[in-house]
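Protein chains in written order, with our numbering: chain A, 20 to 289; chain B, 20 to 289; chain C, 20 to 289; chain D, 20 to 289.
Everything labelled a hint here was simulated from the structure, so no lab data went into it. Keep in mind that this is a model prediction, so the values were computed, not measured. A portion of the hints provided could be inaccurate.
No distinction is drawn between identical chains; accordingly, a pair holds when it is met within one copy or between any pair of copies.
[Unchecked claim] Here are the computed lysine to any residue pairs in the SDA-like style, where the Cα-Cα straight-line distance is at most 20 Å: (1) LYS27 to PHE229; (2) LYS166 to TYR227; (3) LYS45 to ASP152; (4) LYS166 to SER86; (5) LYS146 to MET119; (6) LYS166 to GLN212; (7) LYS166 to LEU35; (8) LYS166 to SER89; (9) LYS146 to LEU22; (10) LYS146 to THR120; (11) LYS153 to ARG261; (12) LYS45 to GLU276; (13) LYS146 to HIS121; (14) LYS166 to PHE90; (15) LYS27 to ARG181; (16) LYS166 to PRO43; (17) LYS27 to ASP94; (18) LYS166 to TYR88; (19) LYS166 to PHE229; (20) LYS153 to ARG58; (21) LYS166 to PRO195; (22) LYS146 to TYR88; (23) LYS146 to PHE90.
Protein chains: 4
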Amino acid sequence: MGLLSTEKTDWPPIDLGDGIVFGPDKTVMMAGPCAVESRDQIFQAAEFIAGLGIRVFRAGAFKPRTSPYSFQGLDHEGLALLAEVRERFGLKIITEAKDMTHAEAVAEVADIVQVGAKSMYNHALLKFCGRLDKPVLLKRFFAATLKEFLQMADFILLEGNRRLLLCERGIRTFEPQTRFSLDLSGAAVLQEQSRLPLVLDPSHAIGYRFGVPRLARACAAFGAEGLLIEVHPNVEQAQCDRDQALDHATFARLFAELREICALQGRELV
Amino acid sequence: MGLLSTEKTDWPPIDLGDGIVFGPDKTVMMAGPCAVESRDQIFQAAEFIAGLGIRVFRAGAFKPRTSPYSFQGLDHEGLALLAEVRERFGLKIITEAKDMTHAEAVAEVADIVQVGAKSMYNHALLKFCGRLDKPVLLKRFFAATLKEFLQMADFILLEGNRRLLLCERGIRTFEPQTRFSLDLSGAAVLQEQSRLPLVLDPSHAIGYRFGVPRLARACAAFGAEGLLIEVHPNVEQAQCDRDQALDHATFARLFAELREICALQGRELV
Amino acid sequence: MGLLSTEKTDWPPIDLGDGIVFGPDKTVMMAGPCAVESRDQIFQAAEFIAGLGIRVFRAGAFKPRTSPYSFQGLDHEGLALLAEVRERFGLKIITEAKDMTHAEAVAEVADIVQVGAKSMYNHALLKFCGRLDKPVLLKRFFAATLKEFLQMADFILLEGNRRLLLCERGIRTFEPQTRFSLDLSGAAVLQEQSRLPLVLDPSHAIGYRFGVPRLARACAAFGAEGLLIEVHPNVEQAQCDRDQALDHATFARLFAELREICALQGRELV
Amino acid sequence: MGLLSTEKTDWPPIDLGDGIVFGPDKTVMMAGPCAVESRDQIFQAAEFIAGLGIRVFRAGAFKPRTSPYSFQGLDHEGLALLAEVRERFGLKIITEAKDMTHAEAVAEVADIVQVGAKSMYNHALLKFCGRLDKPVLLKRFFAATLKEFLQMADFILLEGNRRLLLCERGIRTFEPQTRFSLDLSGAAVLQEQSRLPLVLDPSHAIGYRFGVPRLARACAAFGAEGLLIEVHPNVEQAQCDRDQALDHATFARLFAELREICALQGRELV
Numbered sequence: 020m021g022l023l024s025t026e027k028t029d030w031p032p033i034d035l036g037d038g039i040v041f042g043p044d045k046t047v048m049m050a051g052p053c054a055v056e057s058r059d060q061i062f063q064a065a066e067f068i069a070g071l072g073i074r075v076f077r078a079g080a081f082k083p084r085t086s087p088y089s090f091q092g093l094d095h096e097g098l099a100l101l102a103e104v105r106e107r108f109g110l111k112i113i114t115e116a117k118d119m120t121h122a123e124a125v126a127e128v129a130d131i132v133q134v135g136a137k138s139m140y141n142h143a144l145l146k147f148c149g150r151l152d153k154p155v156l157l158k159r160f161f162a163a164t165l166k167e168f169l170q171m172a173d174f175i176l177l178e179g180n181r182r183l184l185l186c187e188r189g190i191r192t193f194e195p196q197t198r199f200s201l202d203l204s205g206a207a208v209l210q211e212q213s214r215l216p217l218v219l220d221p222s223h224a225i226g227y228r229f230g231v232p233r234l235a236r237a238c239a240a241f242g243a244e245g246l247l248i249e250v251h252p253n254v255e256q257a258q259c260d261r262d263q264a265l266d267h268a269t270f271a272r273l274f275a276e277l278r279e280i281c282a283l284q285g286r287e288l289v
Numbered sequence: 020m021g022l023l024s025t026e027k028t029d030w031p032p033i034d035l036g037d038g039i040v041f042g043p044d045k046t047v048m049m050a051g052p053c054a055v056e057s058r059d060q061i062f063q064a065a066e067f068i069a070g071l072g073i074r075v076f077r078a079g080a081f082k083p084r085t086s087p088y089s090f091q092g093l094d095h096e097g098l099a100l101l102a103e104v105r106e107r108f109g110l111k112i113i114t115e116a117k118d119m120t121h122a123e124a125v126a127e128v129a130d131i132v133q134v135g136a137k138s139m140y141n142h143a144l145l146k147f148c149g150r151l152d153k154p155v156l157l158k159r160f161f162a163a164t165l166k167e168f169l170q171m172a173d174f175i176l177l178e179g180n181r182r183l184l185l186c187e188r189g190i191r192t193f194e195p196q197t198r199f200s201l202d203l204s205g206a207a208v209l210q211e212q213s214r215l216p217l218v219l220d221p222s223h224a225i226g227y228r229f230g231v232p233r234l235a236r237a238c239a240a241f242g243a244e245g246l247l248i249e250v251h252p253n254v255e256q257a258q259c260d261r262d263q264a265l266d267h268a269t270f271a272r273l274f275a276e277l278r279e280i281c282a283l284q285g286r287e288l289v
Numbered sequence: 020m021g022l023l024s025t026e027k028t029d030w031p032p033i034d035l036g037d038g039i040v041f042g043p044d045k046t047v048m049m050a051g052p053c054a055v056e057s058r059d060q061i062f063q064a065a066e067f068i069a070g071l072g073i074r075v076f077r078a079g080a081f082k083p084r085t086s087p088y089s090f091q092g093l094d095h096e097g098l099a100l101l102a103e104v105r106e107r108f109g110l111k112i113i114t115e116a117k118d119m120t121h122a123e124a125v126a127e128v129a130d131i132v133q134v135g136a137k138s139m140y141n142h143a144l145l146k147f148c149g150r151l152d153k154p155v156l157l158k159r160f161f162a163a164t165l166k167e168f169l170q171m172a173d174f175i176l177l178e179g180n181r182r183l184l185l186c187e188r189g190i191r192t193f194e195p196q197t198r199f200s201l202d203l204s205g206a207a208v209l210q211e212q213s214r215l216p217l218v219l220d221p222s223h224a225i226g227y228r229f230g231v232p233r234l235a236r237a238c239a240a241f242g243a244e245g246l247l248i249e250v251h252p253n254v255e256q257a258q259c260d261r262d263q264a265l266d267h268a269t270f271a272r273l274f275a276e277l278r279e280i281c282a283l284q285g286r287e288l289v
Numbered sequence: 020m021g022l023l024s025t026e027k028t029d030w031p032p033i034d035l036g037d038g039i040v041f042g043p044d045k046t047v048m049m050a051g052p053c054a055v056e057s058r059d060q061i062f063q064a065a066e067f068i069a070g071l072g073i074r075v076f077r078a079g080a081f082k083p084r085t086s087p088y089s090f091q092g093l094d095h096e097g098l099a100l101l102a103e104v105r106e107r108f109g110l111k112i113i114t115e116a117k118d119m120t121h122a123e124a125v126a127e128v129a130d131i132v133q134v135g136a137k138s139m140y141n142h143a144l145l146k147f148c149g150r151l152d153k154p155v156l157l158k159r160f161f162a163a164t165l166k167e168f169l170q171m172a173d174f175i176l177l178e179g180n181r182r183l184l185l186c187e188r189g190i191r192t193f194e195p196q197t198r199f200s201l202d203l204s205g206a207a208v209l210q211e212q213s214r215l216p217l218v219l220d221p222s223h224a225i226g227y228r229f230g231v232p233r234l235a236r237a238c239a240a241f242g243a244e245g246l247l248i249e250v251h252p253n254v255e256q257a258q259c260d261r262d263q264a265l266d267h268a269t270f271a272r273l274f275a276e277l278r279e280i281c282a283l284q285g286r287e288l289v
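Please take these sequences and the hints and turn them into a complete structure.
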C-alpha cells in the first residue's frame, strides 16, 4: 500500500523504562477500570494493580460516551487523580484524549496517550499525537477496515512520532448478544502487514465479563505486544462499561494464567 | 428511549428564508461538488446549481479524508471561496466542520453546519453546534445504530439548538462492490421514532455514479425533507470522491425527475 | 466475471401470458400473505388480490422457519390450496421450494418457483430449478455478496433454464431495530452487471409494516421488473412474519401510489 | 430461550471410542484437506495425520462451492475413498452432507456427519441428522445469529439425536482482507448458553494460511472441545480453499504447540 505504517524497516522500541517494553519477547499488561470515578475508587484500583506487579495502569478521565445521560467522566479532575496515582504507586498511565479541547492536558499526564476508536478519524487529534514525544495507542474504529486503520495511523507517523501502538478492540457485527466481536482474523492481517506493535483489548471486544477470561487467554496465545483489560474494585458499582469489568479475584487468577500462556510463546508478560 | 430527539412535540421549522423550508410539504435539494477545489471549479459549479433554481449549495473546505496522501481540502481558503459563492450567486451554503480547530470559522460562513459521519461521536463539536444559532445537519456514522445516532443528536439538542437535520448517508456492509449501502430500512425507523427532518444522501450511499440516479429517485419516493447530491462540473478531474459525482447533464435530467416524484408525494422540491 | 448471469445478450422474456411480462416497460406486482394458513384465509387473500386486478399471488406452503417451535407451514396441504386458488381466481402462483424433498410437487403447482434466501446455496435445488420449463425467482441470501448471488444463479442457468428472476430482499446489518436492510445500493450494481430481471421485496427488507409503504414506493421509483409484497386479510392473526404484512386497506392505497410512480418511469404496474 | 440446545442438563458424551471424547478434559483434533481430490492425495494426507497420532480425519467429498466453475468434489467416488482411508489408517472420518440427495450415503461412511454453514437452514437435512445414530457437527452459518444457530440445532435435537457438536467457523464482516472473522466473542456466549460441545475452525475463519497458526493457538487457549484444521500434502496444488491449508511441516509444529496450550487448560489434545 505504500504506507509508512506498513514499512518493514525497524521501528524505535516502545520502552517505558524499568523493563516495560512492547517488543518481540515481552507483552505489556495494561489494566485498570474503565473510568476514574473518585479518589477512593482509583486508589483502590491502582493499589491492586501495582500489588500484582503490573506496571501500566489504564483509566479514562475524558470518556467518549454515546449517551449524554450516562456518566461523562471526571475530566480534568480525573486527570489530576491519575497524576496522583502515577506519583504514589509508581505506575505508568495510559489514558484517552477525545478531542483537541483537552489533548494538551492529557499529554502532560499520560505516559501513553490513547486515541479511542470513536476518535480514529479525528485528523486534528492524530496530528497532535504525531508531534508528541511519547508513545501513542491508536484504537481501530469498530467499523474501520484495516486499510483505513493503517491510513489513519499514517496521519500520526507522518508528523514524526514513530512510537505508535495499534490496538484491535472488537468490531461491530450483526450479533445482538455481544457488544463487539474481537477480530483476531483482522489482527493476524495487521501483524502480517505492519511491524508496529499490536495491542489487543478483550474487554471491549465482547462487553460482558463472563467471556473476558476466555478471550484474554486467546489473545495471549495469539501473540500480541500488549493487552488492555478492564478490572474494577467494585464491579457492581462501576459507572462505565459495568458489564465488562473483571473483579479483583478473577483478574488475579487470569493474570497468572496469561503469564503461563505468554511464556509458552517465549514472551514475558510484564 | 426518553431522548429529546424522539420527542413527539413540534420542532421549530428549519426555514432558511426565501421559501427554503425543510418541512411536511417541501423537500430541499442541496447539491454541489464534494470539495472546493479552486475558484474556477466552485464558481462553475455554483453557477450551474443556481441556474437550475436550486437554493442550497454543498461543498467541503475541510475534508475528512481517510488517507493522508489524498487531496485534503483547501481549508480556510476554501471557506473564503464559499463565502464568495454565497455573495455572488445568492446560494445558501452547507459545509462541514470536522473538528474544533476550525468549527468557529465554518459556522461564520455556513448557513447549515454539517457534522460529517466520521465526526458523529465528537462531543466537543456536537456541543459547539448545540450552541449555534443556525441549523445543523448531523450525518449518521456508517456503523452507528439508530439509537446511537439519536443519542448523539441529543448532545446537540441539549445545548439548546433545536434546528437539527438528521442525515442517512449509507452504512458499511459486507458487500465489496458498493462503498456503502443506503439504509432506507433504518431511515424508515428514524421517521417513525423522530420528528426531526430527515435528509438522504444517495451519492455517498453507493459511491459510484452509475447508481446515483436510481437511488436518488428511490429517496424522493421514500419521502424525505432534504436530499444531498454530489455533482461536479468536470467529473473526470474531481479531486475528491470522483467516482460518485454526477455530471451536469445527468444531474439536470435527474432533478426534473425528482421534482415529479416529490410532487406525487405532495412535496415541492426546492 | 465471465458468468452467464452477467452476459449482455438478450434473455428470453419472462412472460406468464395475459400481458404479465417482467420487462422493460412493465413491472409485475406479486402480492399475498407470507404463508398459506387455511382455506378461509387463503381464499380471502386471493379474492382481495384478484379484486385489485393483480395477477400474481404469493404465499408459502413450505416455510423456511428459523425456529422449530413456530408455525411450519401446511406443506402439501398448503400446496393443494394454492392449486385451488389458481383455478378459482385465475391467479398465477409464486411459491417457495425449500429443498429436494418437495421440489417436484412445488414445481407442479407454481407458475414461478421461488428459491428462498436460506436455500440460495442449495446446489441440488438450484440444479433442479435449472431443468424446469418455468420461471424461477432466486432470492439473494441476506449475507451473500453480489458475486456469490450471480455465481449461484449460474448453477440454474447452466442447466438450461434462462427464465430467471433475481430478487433482493434485504441484507443483515448491525442495526437491531430493523430485521434486514433493503440493499438498493447493491441492487443498482446488479442492474449494472446483469440483464436478468430484478425483483425487489420491501416487506422482508425491513420486517415491520410501518416502513413497508415507504420502502415499496422507493422500490417503484428505483425501477424494478417485479415487486413482492406481503399483505394479509387479518394482520393480527398472521401466523408467519406477522409484523410485516400490510392490511388490505393500506395495501390498496399503496398499490395505487405505486402505479403512479411506475408510470413516471414509463412502466405499467401489472 | 427455552431451547433444547440451551438446557443445562447432562448431555450424552460424544465418545468415538479409543479415548476420542469431546469432553471437559479432552479436545479432539480433526484435521485433513478441504476436499478429497484423488486416491494419492487423500492417502498421503491420511498417512501424515495418522502418523502424528491424530485420530479424526476431515475431508469433503460433496463440496458446497459457491462457483459452478470451481472443482465440485468427487462426490460418491470421494466418499468411497474416505471409506478406504478409514479402513486402512484406522482414522475416524468427519465429512459433509450438503443436501438430501446424498445424505444417506454420507451417513454410511462418516463417523461424524458434518452439516456445513451453507446448509445450516436446510430443515430436511437437519431432521435427517436428528434421526441418525451417530454424532453430527453443525456449523454456524457465517451470518447466523447465535439464537438462530441454537434454534436450528433444535431441529436436530428434537428428532432424538443428542450427540451434537456446535462449530463456529467465522462470520462475514465488512473487512475485505479476511475471508471471515473468527467470532470468539460469539463463541463465548455459546459456551455460556449451551452445554453442547464447541468446535472451533480457525482455517475457514480467516481463509489465509499465514494467520491460521495464530488463530489456532487462540482457539486452544480459549478452550474448546474440538478443533477443525485444514492441512494439505501439497498446498500449491490444493483444488479447494488453497489459500488456507497448512503444509505438513507447519501443521506438525503447530500441533505440538496446541498440545502444550491445551495442557495449560487441563485438556489433553487427542
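Each hint, compared with the structure:
1. LYS27 to PHE229: The answer is between: 17 Å across copies meets 20 Å, while 38 Å in one copy does not.
2. LYS166 to TYR227: between (28 Å within a copy, 17 Å between copies)
3. LYS45 to ASP152: neither (22 Å within a copy, 50 Å between copies)
4. LYS166 to SER86: Between copies only: 9 Å across, 29 Å inside.
5. LYS146 to MET119: both (10 Å within a copy, 14 Å between copies)
6. LYS166 to GLN212: within (10 Å within a copy, 27 Å between copies)
7. LYS166 to LEU35: neither (28 Å within a copy, 40 Å between copies)
8. LYS166 to SER89: Between copies only: 14 Å across, 33 Å inside.
9. LYS146 to LEU22: within (16 Å within a copy, 35 Å between copies)
10. LYS146 to THR120: both (14 Å within a copy, 12 Å between copies)
11. LYS153 to ARG261: neither (30 Å within a copy, 38 Å between copies)
12. LYS45 to GLU276: Both ways: LYS45 and GLU276 sit 16 Å apart in one copy and 19 Å across, limit 20 Å.
13. LYS146 to HIS121: both (14 Å within a copy, 14 Å between copies)
14. LYS166 to PHE90: For LYS166 and PHE90, the Cα distance is within 20 Å only across copies (18 Å; inside one copy 33 Å).
15. LYS27 to ARG181: Within. Shortest intra-copy distance 13 Å satisfies the 20 Å Cα cut-off; inter-copy 51 Å does not.
16. LYS166 to PRO43: neither (24 Å within a copy, 40 Å between copies)
17. LYS27 to ASP94: Neither, since 39 Å and 34 Å both go past 20 Å.
18. LYS166 to TYR88: Answer is between; shortest inter-copy Cα gap is 13 Å, intra-copy 34 Å.
19. LYS166 to PHE229: Answer is between; shortest inter-copy Cα gap is 18 Å, intra-copy 32 Å.
20. LYS153 to ARG58: neither (26 Å within a copy, 41 Å between copies)
21. LYS166 to PRO195: between (26 Å within a copy, 9 Å between copies)
22. LYS146 to TYR88: between (31 Å within a copy, 14 Å between copies)
23. LYS146 to PHE90: So LYS146 and PHE90 pass the 20 Å test across copies only (16 Å; inside, 28 Å).
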